[in-house]
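Residue numbers (this note's numbering), protein chains in the order written: chain D, 1 to 292; chain A, 1 to 347.
These are computed hints drawn from the structure, not numbers from a lab.
All values reported here derive from a predicted model rather than from experimental measurement.
Glycine residues also receive a C-beta, built at the ideal position from the N, C-alpha and C atoms.
Fair warning: there could be bad hints in the mix.
Stated by the list, open to error - Covered stretches of chain A (in silico footprint by chain D; criterion: 3 or more residues with CB under 8 Å from a CB of chain D, positions within the stretch not fixed):
hint, region
1, 123–137
2, 254–267
3, 308–316
4, 321–334
Unchecked claim - Straight line, CA to CA, 30 Å or less: simulated DSBU-like cross-link-like pairs of lysine-lysine:
hint, chain 1, residue 1, chain 2, residue 2
5, A, K7, A, K346
6, A, K7, A, K23
7, D, K32, D, K83
8, A, K23, A, K346
9, A, K123, D, K83
10, A, K123, D, K32
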Amino acid sequence: MDWIFFGEISLAGLAMGGLYSLIALGFVIIYKATRVINFAIGEIMMFAAYLFLAFAGGMELSAWIALPLAVIGGSLLGGVIEKTMIRPMLGESPISVVMVTIGIASILVGLVEFIWTADPQLLPSFLPREPVFIGPLYLAPKIAYGFLIGAALLIIYLLYFRFSRGGVALRATASDQAAAYSMGINVRRVFNMAWVFGSLAASLAGVLVAATGGLSPQFGIIGLSVLVVVIVGGLDSILGALIAGVFIGWLETVAGAYLGGEYRMPATFLVLAVILVIRPYGLFGTHEIERV
Amino acid sequence: MRIGDAKQSYEADEAIWTTSTQKLWFGFFLLVLLVFPFMADSYLLYLGCLVGIAVISTTGLNILTGFTGLISLGQAGFMGVGAYTVAWLSVNTGLPFPVTLVLAGLMAAAVGILVGLPSLRVKGLYLAIATLAASVFLHFIFAEWESVTGGMGGLSLEPAHLFGWSFQSDFMMYFIIVPLAVLMVLAAANVFRTRIGRAFIAIRDRDISAEILGIDLLRYKLMSFALSSFYAGVAGGLFAYFYRVVTPESFPLSMSIFYLAAVIVGGMGNLLGGILGAAFMTLVPEALKLLTAALTPFYPNAPVFMSPMLEIIFGALIVGFLIFEPHGLAEMWHRIRRFFRLWPFKN
Numbered sequence: 001m002d003w004i005f006f007g008e009i010s011l012a013g014l015a016m017g018g019l020y021s022l023i024a025l026g027f028v029i030i031y032k033a034t035r036v037i038n039f040a041i042g043e044i045m046m047f048a049a050y051l052f053l054a055f056a057g058g059m060e061l062s063a064w065i066a067l068p069l070a071v072i073g074g075s076l077l078g079g080v081i082e083k084t085m086i087r088p089m090l091g092e093s094p095i096s097v098v099m100v101t102i103g104i105a106s107i108l109v110g111l112v113e114f115i116w117t118a119d120p121q122l123l124p125s126f127l128p129r130e131p132v133f134i135g136p137l138y139l140a141p142k143i144a145y146g147f148l149i150g151a152a153l154l155i156i157y158l159l160y161f162r163f164s165r166g167g168v169a170l171r172a173t174a175s176d177q178a179a180a181y182s183m184g185i186n187v188r189r190v191f192n193m194a195w196v197f198g199s200l201a202a203s204l205a206g207v208l209v210a211a212t213g214g215l216s217p218q219f220g221i222i223g224l225s226v227l228v229v230v231i232v233g234g235l236d237s238i239l240g241a242l243i244a245g246v247f248i249g250w251l252e253t254v255a256g257a258y259l260g261g262e263y264r265m266p267a268t269f270l271v272l273a274v275i276l277v278i279r280p281y282g283l284f285g286t287h288e289i290e291r292v
Numbered sequence: 001m002r003i004g005d006a007k008q009s010y011e012a013d014e015a016i017w018t019t020s021t022q023k024l025w026f027g028f029f030l031l032v033l034l035v036f037p038f039m040a041d042s043y044l045l046y047l048g049c050l051v052g053i054a055v056i057s058t059t060g061l062n063i064l065t066g067f068t069g070l071i072s073l074g075q076a077g078f079m080g081v082g083a084y085t086v087a088w089l090s091v092n093t094g095l096p097f098p099v100t101l102v103l104a105g106l107m108a109a110a111v112g113i114l115v116g117l118p119s120l121r122v123k124g125l126y127l128a129i130a131t132l133a134a135s136v137f138l139h140f141i142f143a144e145w146e147s148v149t150g151g152m153g154g155l156s157l158e159p160a161h162l163f164g165w166s167f168q169s170d171f172m173m174y175f176i177i178v179p180l181a182v183l184m185v186l187a188a189a190n191v192f193r194t195r196i197g198r199a200f201i202a203i204r205d206r207d208i209s210a211e212i213l214g215i216d217l218l219r220y221k222l223m224s225f226a227l228s229s230f231y232a233g234v235a236g237g238l239f240a241y242f243y244r245v246v247t248p249e250s251f252p253l254s255m256s257i258f259y260l261a262a263v264i265v266g267g268m269g270n271l272l273g274g275i276l277g278a279a280f281m282t283l284v285p286e287a288l289k290l291l292t293a294a295l296t297p298f299y300p301n302a303p304v305f306m307s308p309m310l311e312i313i314f315g316a317l318i319v320g321f322l323i324f325e326p327h328g329l330a331e332m333w334h335r336i337r338r339f340f341r342l343w344p345f346k347n
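Produce the complete structure using the sequences and hints provided.
Right, dumping it as structure tokens:
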């Protein structure tokens, strides 16, 4: 066995997994606050990446201006989706709400094809190009710097939720809506903020992932990998999202490198199936007790 | 205004046709279905066959999702199992189509039971993800088990045959697909007049209460999975005979979502809704194609925008129906019927 090769593949996988963790964090924020499983998260990522393409490629803005603009655009999109399409579904069965997000995903794919056509696109490169070496191991610079930017946002988020007023309001709403409401927390605004923050994380990850692998209207398929991550980690666990994100990213890359690309999805879904059988609520998720 | 239909027994209340008017209309509908292929051109025949296949599969998914409350993202995978069973049997054994279709249904039902096994432990969205995992594995098997499935190239098969007849044209296929669709929908309607069907509905409404009432949850959930995948398998088998080529790409995840959308647009937990939804969702893209063809002389770019428009309309239909008409097309149908029934006394 070639340990250098294994190390490099693992490193690339772990870095990719870091971005998965970021997306999964966005997913978990939305789920914790509003109990909505967001199947459209991959498409929100895609939309933000196309916005970046429009700002940086079409309007020829500097990438460091285009990146925040695209991320803001993506998070606004999340807020608008929540206000117009998710809010009216409050109190409906979870199946219906999930189907709404699937519908939203389809609308977003259509919109992107409408505006930017269905052809694959390349994002203008904006990350440094010097190769990165960690010890003897080479890591592609795009992946390395993408990981660093993603990790920075992740840490900001964790600190924000721990210490700020908004973060506390969000956690209070997640643990008990009625109590939070009676303590004067504007629950409706928290719902909206959760979608904005969740989409923000997804948007940044979307631009970073698209910068390494290219962009097309099928980009949203990455949402399936994120779904695996959050189910394995536990739908309502931030810690679970972080750990499972890194693990699934690593597994996917290693399976792809050693067994071939067609084994990537089955490998991760196999882990998913095993987890569902052993711990149906995920590694770190809350075990809900049902009463009649 | 309908009068004089006071029901005197429980059987009368549970009957599929409660009035003779309904029987009359149903007979008329069957007559239309029978005459249709002799009047229609090849395009309409093609559409008729497509709708028939979609009705069977949607009815199957409706049993599972609409009546038992178990959401499934694996319907396309089960259809694939049925289609590959038919294709393999047709290539390797040359059995006539009634045998292959039944075997396709049974094969899909067996896979459905296997997929349904986790349904006792996980439910709701976790179950949806489990069925999604199943469809990923099935797609992988279709693509990689080359000695049986032919790999990415797939399998091509001969036309369906019985007693020396060969069902090659759409015209001939219509006489397999549509009677089967009518038969299978009627069978489903009858299931819900029995203990089994009512157990499904009890599980949907509250599974823990159903268990306390003495319903064996695992058994009935698996039964629902088996029945639903049997329908999917038969629909997949018909799909194989209709297109006469089966590849792994014939049954993508988007197809599972299509059938879920058909159930929702039609009306969950309503057999009539399933039929309306399947027909509506199949015909909308065709209507859009006709519209595009009509617009092309004026806007040469129209064909370019057709596929994105289709995606947007598909999504907007799902979102719109769920927000504004959660009970689907079936509810609209009932509203129209109510209008005529109460006429002229209401307004």
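How the hints compare with the structure:
1. 123–137: holds (count 10)
2. 254–267: holds (count 4)
3. 308–316: holds (count 9)
4. 321–334: Holds: 3 residues of the region 321–334 of chain A have a Cβ under 8 Å from chain D.
5. A:K7 with A:K346: holds (23 Å)
6. A:K7 with A:K23: holds (16 Å)
7. D:K32 with D:K83: Distance of about 17 Å is within 30 Å: holds.
8. A:K23 with A:K346: holds (25 Å)
9. A:K123 with D:K83: holds (28 Å)
10. A:K123 with D:K32: holds (18 Å)
Taken one by one, the earlier hints all hold for this structure without exception.
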